[in-house]
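The chain contents come next:
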Amino acid sequence: MRDVAVLGVGMTKFGELWDRSFREIGIEAGLQALVNAKLSSGDLGALFLGNMASGSLIDQEHIGPLILDYAGLGARHLPAVRVEGGGASGSLALHQGYLAVASGLYDFVVVGGAEKLTDVPDATGNQITSSAADHEWEVVFGATLPALWALIARRHMHEYGTTREQLARVAVHAHEMGSKNPNAHYRNKITLEQVVGAGVVAEPLGVFDCAPLSDGAAAVVLGPLDTAHKYTEQPIRIAASQVACDTMAVQHRRDITTLDSTVVAARRAFEQARRAPADVNIAEINDAYTISALVALEDLGFSEKGHAGPDFESGKFGPSGEVPVNMSGGLKAQGRPFGAVGVAQVVELVRQLRGEAKDRQVPNAKFALAHDVGGTGATSVVTLLERAA
Amino acid sequence: MSIARFWRETPRRYNLGGSKCTMCGTAYFPPRAVCPTCAHHRESIEKMVPFQLSGDGEVFSYTVVHEAAEGFEMQVPYALALVRTVEGPVLTGQIVDVIPEEVRIGLKVRATFRKLREEGKAGVIHYGYKFAPAEELPTPPHGGASAAARSSATKESDRASA
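Line by line, the protein sequences are chains U and Y.
Positions 143 to 531 (our numbering) are the ones given, in order, by the first sequence.
Positions 15 to 176 (our numbering) are the ones given, in order, by the second sequence.
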């Protein structure tokens, strides 16, 4: 296995992109990444596309060749593969692209992620969101994805004393960062009182505890590290890419306040990179629900079990904290177009590691972590990135 | 959801039929073809036997859902819980015959057969388990008739006799 680097990145604005189609946003992100990498189209070997639910959302399956075709590469007959893993589809696609380059099978690949969530009514969008949970043994009995995360939140509050305000703090932070990100779905700041007082979705979670339904696309170009300097001024090495799975339903978990998939994916990733959580100086984590961010901070090793709430309140994860988290605004404010999320996390971290993140730049960002979750944690993906010499 | 997709789960959803590993003794719901926890994972294939849950358990965690799952719109707000059964398996289900505010972690409950949801006015009606309190609940502080309140809290739409 050889070292793999990110050579180029691109993404669209996230949000309600009613005037743009799925293929338009997918191609915009992909072409941006290609141009950003200073790569000739003839060098490309394959396309991996993360997407969760195009069939339900836009009545279109078989989207690998669709995007390849409109990216102008159809007649080159490249393989184009769609990858699905609920909300973690984008990171899973990245993992496949990483393996493809690391193995030596391809030299250069594009990894894209795209989702068009606002072409359907909100109720349909919410229903499709819940399809990442176990339909036959959770959803049929009245569960939704936020309701399942609410069950996790309630138990976390019961066992560790996590408070409603600590949950709300995660959303306030996300919007604060989103206000600095021109690509974010939400750029308005919100207050703790607004989060706590908002309409209830599933107690204790309210509207502001849940990430929105967004459209958007993101893409990266990957290639071998040893020739990376030909294609980019600052190669970003993928120090680790690890996937771990767990039981589909929350009801079957060993401990519902812990995502074992995240714990294991992180452990494997830090082993692969020969590094530790203390080495991470910037992270993008899953905050699809405020509780999912707190649980992730514990499972990734940034907080002691049960301490993520107080740690978040103390500013440990703020822009000038020990581990700045979700400088993009996260899923909550930057947006949550499922398949694009994991790729967009890497786009943000690459920009941070290159020093191109402008208003939200974390000084001296050198070693970064991306964490993506499908459903309630049946899939977790952890990616470690570092500025290459 | 197609008729067959729901119909084929009838034994589990109506009667709480699970399975048990004869290698390690762990019970599962819904039934499994292989034991996920047993050190003899591979050897447990074809060694899983049917196992009946009693329906007794207690609330392990809960939420009150205000934005309903599809088909549950008429029931909001409704309590949804993880119920740890006395036999071990944890089930996801609604808590009924209760004011949602009365649900708490540790509440003793028992499975009850109810209507889950229906697909429109002339569509298929899905039945299955929900859970009702199996312990005396305290009288509300303001002298309200708790039984009447609980009765009205039980949505007409989930009565199995409908």
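Derived from the structure by calculation, the hints contain no laboratory data.
A portion of the hints provided could be inaccurate.
Using C-beta positions, here's what the derived DEER-type ranges look like [claimed, not checked]: (1) U/273 <-> Y/29: 41 to 49 angstroms; (2) Y/39 <-> U/144: 25 to 33 angstroms; (3) U/183 <-> Y/53: 48 to 56 angstroms; (4) Y/136 <-> U/246: 39 to 47 angstroms; (5) U/397 <-> Y/47: 20 to 28 angstroms; (6) U/245 <-> Y/124: 39 to 47 angstroms.
Using N, Cα and C, we set each Cβ at its ideal position, and we do this for glycine too.
Notebook entry, point to check: Which of the listed hints are broken here?
Noted result: 1, 2, 4 and 6
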